[in-house]
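J.: Listed here are the chains, written in short residue letters.
Protein chains: 10
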Amino acid sequence: MNSLLETFPNPAPGRAYVISHLFPEFTSVCPKTGQPDFATIELDYIPSEACIELKSLKFYYNSFRDKGIFYEAVTNQLLEELAASCSPVWMRVTARFNTRGGISSVIVAEHGNKP
Amino acid sequence: MNSLLETFPNPAPGRAYVISHLFPEFTSVCPKTGQPDFATIELDYIPSEACIELKSLKFYYNSFRDKGIFYEAVTNQLLEELAASCSPVWMRVTARFNTRGGISSVIVAEHGNKP
Amino acid sequence: MNSLLETFPNPAPGRAYVISHLFPEFTSVCPKTGQPDFATIELDYIPSEACIELKSLKFYYNSFRDKGIFYEAVTNQLLEELAASCSPVWMRVTARFNTRGGISSVIVAEHGNKP
Amino acid sequence: MNSLLETFPNPAPGRAYVISHLFPEFTSVCPKTGQPDFATIELDYIPSEACIELKSLKFYYNSFRDKGIFYEAVTNQLLEELAASCSPVWMRVTARFNTRGGISSVIVAEHGNKP
Amino acid sequence: MNSLLETFPNPAPGRAYVISHLFPEFTSVCPKTGQPDFATIELDYIPSEACIELKSLKFYYNSFRDKGIFYEAVTNQLLEELAASCSPVWMRVTARFNTRGGISSVIVAEHGNKP
Amino acid sequence: MNSLLETFPNPAPGRAYVISHLFPEFTSVCPKTGQPDFATIELDYIPSEACIELKSLKFYYNSFRDKGIFYEAVTNQLLEELAASCSPVWMRVTARFNTRGGISSVIVAEHGNKP
Amino acid sequence: MNSLLETFPNPAPGRAYVISHLFPEFTSVCPKTGQPDFATIELDYIPSEACIELKSLKFYYNSFRDKGIFYEAVTNQLLEELAASCSPVWMRVTARFNTRGGISSVIVAEHGNKP
Amino acid sequence: MNSLLETFPNPAPGRAYVISHLFPEFTSVCPKTGQPDFATIELDYIPSEACIELKSLKFYYNSFRDKGIFYEAVTNQLLEELAASCSPVWMRVTARFNTRGGISSVIVAEHGNKP
Amino acid sequence: MNSLLETFPNPAPGRAYVISHLFPEFTSVCPKTGQPDFATIELDYIPSEACIELKSLKFYYNSFRDKGIFYEAVTNQLLEELAASCSPVWMRVTARFNTRGGISSVIVAEHGNKP
Amino acid sequence: MNSLLETFPNPAPGRAYVISHLFPEFTSVCPKTGQPDFATIELDYIPSEACIELKSLKFYYNSFRDKGIFYEAVTNQLLEELAASCSPVWMRVTARFNTRGGISSVIVAEHGNKP
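Residue numbers (my numbering), protein chains in the order written: chain A, 59 to 173; chain B, 59 to 173; chain C, 59 to 173; chain D, 59 to 173; chain E, 59 to 173; chain F, 59 to 173; chain G, 59 to 173; chain H, 59 to 173; chain I, 59 to 173; chain J, 59 to 173.
27 angstroms max Cα-Cα, derived DSSO-like pairs, lysine-lysine:
#1 C/113 - F/90
#2 C/113 - G/113
#3 F/125 - F/113
Hint data in this document are derived by calculation from the structure and do not stem from the laboratory.
Hey, can you work out the whole structure from these sequences and the hints?
T.: Right under this line is the structure:
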């Protein structure tokens, strides 16, 4: 579990409701070229006992600023660390990367089943 | 049940139809920072015996103007008080919050099952 | 059955196809304030033996110009009178009302089941 | 079968794939008023043995330029003649007509079942 | 299997997640007229053991620049060669071609079943 | 001067600033056909001593609901009556009428000179 | 002067105001290929003594449906005949033609000087 | 001068450049009805010796949350207090208010002359 | 003068009117990387004695498909060759290039003065 | 002059034409909070003897990734260093910064006079 991520108790633990956080300012570094990559990260989840705290989520995203990591790897790492932080009923990470070489890419990964 | 909310008899009680009210002027206060939060609230419901009166709905939303309350809590409170006011067949509250710290958030909570 | 509405024989009675008519110029009067209301009415239906004639549909919509009637009531009345005029397999009326008191509203009512 | 429509052998007959052709320049004549009607025609189909040749499709659509025909009738005629020309697994014609008398109309008709 | 396409090991082989690459700069030649055709190619797939390398995907797309090939044929060839390169769980190619003779066309072909 | 229009003293009479009011719910009647016309009215002006009161402006616009009047005439009448009510430094009325017979129309008339 | 065009007396002859009519349904025939052309025609003018009657304008535009005429010629002919019909202070015709051979074209011609 | 507004020295005092700050979360109270008003405030200015500090600008805007004040008055007060805080070469305040009674309003006021 | 470009006599030589042709399918090759570049070319001109023939314009643009040439050079070459072909009163070439390395570029060059 | 920026000889030195480069991936650090800032930088200039090389421009922009610098300062520094690199006839830098504290900001600075 990533130590930057903080949680707080779910205020409505008996209800299956959806929380979405959109972050258009994600940036990491391409391990091949050393040049920066940019993405918009959408996080959608149904909380169980805990919700992810917003400010810690921002600090967590910003911690990737100097990391060299590929599109497919970073999307799956985000999903795993975010899911580990709050053990949600269901979670989905959608990463939309800016155009590189004329190609723009989107990676969508899910954890658990949406009821 | 919130005392601001008024209802009137459903004019077509035998039919499962959907009523939606979109309110882009919701504002409350962040309990942590004391700074104002802003959201667009979409209310969708299938009425049973009663419909929510439009002017009272506006006064109800405006009553949150000075309340300190978090995103997840306010969305669930809105759903509970609105559902209590008219006992609908089904109800959904969608709260779309303005960007804070580069992150914009949406919370969606439902009451009952859509037939 | 409203006497303004006219129909013509369905040219393809053996096929379940969908006809949609969008009318952005619907206006009636608020019974409470006496002020005009405005809506866009979308009519979708699968015809059985008869189709609704377009010019008569326009005159029918325009006949509400001076009527005092609430959102929920007018949507259900439109559905009932339009369905009575042509006995469709399925029909849906979607009424999107202009902003009043900061709130814009949509009412969706259906008749029969979409195959 | 309309003699203007030409086909060519489906290059991938073993696969159920969808072909869509959008034509925003369809025009015919209103049989009542003699005034021109305008529509965007979307053709979607899953080919069986044959695909519709694009240039012949354009000539076929243009052959309606001087025909007097109603919305519902022309949409069903297009579907029947296009389906007869290539015997598709599934076909759908969507005709979106320009505003007349403040009302814009869409007619959607299907042939066969989408797998 | 096309020799231009390169792959790398899937970093999350145990998870069914979706990778999408959008390429708005595809161009080939019409075999009939000799004039260039243009398309936006969307590739969506669920990887199995291997992911398609982005730079090789771009070179592969660019290799069609001087080829004479019809819409339906090129879409199916892209799907076959891309699927052969990485043996995905599921793959879809969507080719949106620019307007020719007033008609714009979209071809969508799939390989395998989306779980 | 139209008796429905009310004014209040300009709070900044020494400054040439621009006030704009957009009203998308204007409706009158076509004198030829008796059918309703619809327009969006934009009023822009630089006040002198007086500003137009918003609620009275709405009632003034609504007073045209049953009047039979042509596009060019109504736009010029609006300009004359609105200018007479507040003697502005400069005023412009822009009336955008909905499509009739496939043609949508805009009439723009000014009073005085914009400094 | 084209005999289809009718005028009526300008209701505000002392004021230099602008009238605009947008017609998205103009169609003529390409003299070279015999295939139909399509355009949106925007007419803007400052009337002098006379205004162009809307229904006659539509019939005038529709009279080009079977005429073979090039883009540059038809735009200038429209300007000349429309200006001759009402002797305006200023007039402009903007013709936006649909894509042919991958190229979309706009022709803008003016008569007189905008004050 | 409003005591909430803070400034810092212009880093490029010799150059006439434009600074714009857009704030879509302005809210005050209607003095007549007691109901909240909402506006987007755009501030554009050419600094002289001082620039307005961003966080203090936000606190300044938020200080209107409970004030009863009309559209025209608040726009001119914002301009006067913001100009007094930094003595700019030129300044413009544009206030776009949400729809009330079917009318949306914009007030634009300037201080000094744009070079 | 490029030999692909053909002209025809201006049908309205006494009037200063503007002709615009938009071509979103321009492609050439980067001389540095050998990879294709893509641009939308807008040509605007006021003809003198001659107008550029549309089909020859398309063939002329397509003749750059295999040429290695930089953004700034190709825009100026287009302007020079297009102006030489028809000796216009005024001409402007606007070339909008697709994103490369995260940067999208526009080059605008004019010949003569717009009256 | 910044050592990262490279130039090449202007291919059309006798013509006053405009070059624009749009870079939506600019990021620096807020000196106050240490948190990242994001901006879209538009560079427009009329070259004199030299043009800015595109790849070096990207590396130059990326060199701000770890710098702590305020909005107004960075925009003026960009203008000064970019102008020093190529001595243009005219240059403009437009920096559009992402929302911070509910406020989005744009800074526009020019060097020289546009002819």
